[in-house]
Each structure stands twice: as C-alpha cells, then as structure tokens.
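Engineer: Sequence:
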Amino acid sequence: MHRSVSKFYRIPPLLIRALKSGVASVVEFHLSKGLPKDSRDSLGNSPLMIAAQNGHFALCEMLLCAGVDVEHQNNLGFRASDLAQEQTLRDLLARYRQSPPPDGQQLAGGLDDEANVELVIEADVETEPPETEDAMDFMQWDAEIESEPAEDNLTLRQASAEAQQLLSRYRPIDNAAEWIDIE
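Going by numbering that gives the first Met the number 0, the first residue of the sequence shown is number 0, and it counts up by one from there.
Derived by calculation from the structure, the hints in this document are not laboratory data.
Keep in mind that this is a model prediction, so the values were computed, not measured.
Just so you know, not all the hints are guaranteed correct.
Stated by the list, open to error - Distance condition first, Cα-Cα at most 25 Å in a straight line; then the derived SDA-like pairs of lysine to any residue:
(1) K36 x L14
(2) K36 x N53
(3) K32 x D68
(4) K32 x G76
(5) K19 x Y95
(6) K19 x R94
Let the hints inform the model, and build the full structure from the sequences given.
Structural biologist: If you want it as structure tokens, here you go:
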C-alpha cells in the first residue's frame, strides 16, 4: 500500500542521528523549536523509541518530560519499552507508563541517591541561559583551514588561454537541413 500523504510529522535526519548517537544538545534544540509529539521515522519509530533502542537514558528522560507518547507502537507493533536494551530504561518507561509526572516536573530517573537529588536541584536553581554558540555546536565541527592560492604559473596561464581561444572559435556545423539526423 502506497501512502501519498504522510499522516505524521517525519523526524529530521539530523535529529535521528542525534538520537542514535546520544547528542543531547541537538535533541534539546529540536524540542525547544517545538518538535511535534507525533513525529515518526519511516519505520514508525518515535524519537523515544530511537533513543531507547540505542540505550540513551538521559535522552529518554528528556523526551518523556517533553510529553512524547510512551504507548506509541511502531509499524511492527513494538513500543519503546520493547526496544529498550537496558533494564534501567525499561524500568523508567514502565514507571512512566503507570503514572506520568505532571507537566514541567522532572523525572528523578529511578535513582534514589543524594547525588541525583542534588543534580536535579542544581538544574532547577540555574538561572543563566545557555550560550547559543554551545547550543548550536551540534557536532563540534572544526573550522576548515583556508589554504593559500598557488603561485602564478605563466606557462599554465598561457596554455589555458590558448585552449580557451580554440574552444571559443569552434562552431558546430549542421550538415542536415531538416531534422533527419535526429531519431
């Protein structure tokens, strides 16, 4: 069966790569730009399913807090919890499926130690917005080094000019008065 009109918002390729490799800044960027909750890839996988399948706990937590559908099934009928490779991810998804936190509330991630609680508190207290340069530096690309132009070679320049003159003088000759040479 061929679908002529997509019934869902397709996940951008950069976001798919970020979900597979665990690049949180790209996921945050797309969420801040209003990534539709019903976005899917060509196999019907949601962003949550892609992150869970690749074992990225922090991305799953981020997507769940953003309100993605934990119950969504892909084209094969699998849910994110079915695709999750790690037990901690399956536990997080099961806990969220049973009782999702209210809007705006951060998940604790299932770890009950003090370090996790302090981390959540510090994240809430932070008031400075992130620098845009860091947020936009998705792949930490290095700037290309510009090379110096080659030294001027008069011999090559003259040969190139002569070749250009010969090409400019060429005119094709049409020996057929009609279109008989075209089949």
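Engineer: Give a verdict on every hint.
Structural biologist: Structure-based check of each hint:
Proposed proximity of K36 and L14 is supported: the alpha carbons are some 14 Å apart, at most 25 Å. Distance restraint check for K36 and N53: the Cα-Cα separation of roughly 20 Å lies within the 25 Å cut-off, and the hinted pair is therefore satisfied. For a cut-off of 25 Å, the pair hint linking K32 to D68 stands: about 18 Å separates their Cα positions. Annotation: proposed proximity of K32 to G76 is violated, straight-line Cα distance about 29 Å (limit 25 Å).
Among the hinted pairs, K19 with Y95 is consistent with the structure: their alpha-carbon atoms are about 22 Å apart, no more than 25 Å. A C-alpha spacing of about 23 Å is found between K19 and R94, which places the hinted pair at or below 25 Å, so the restraint holds.
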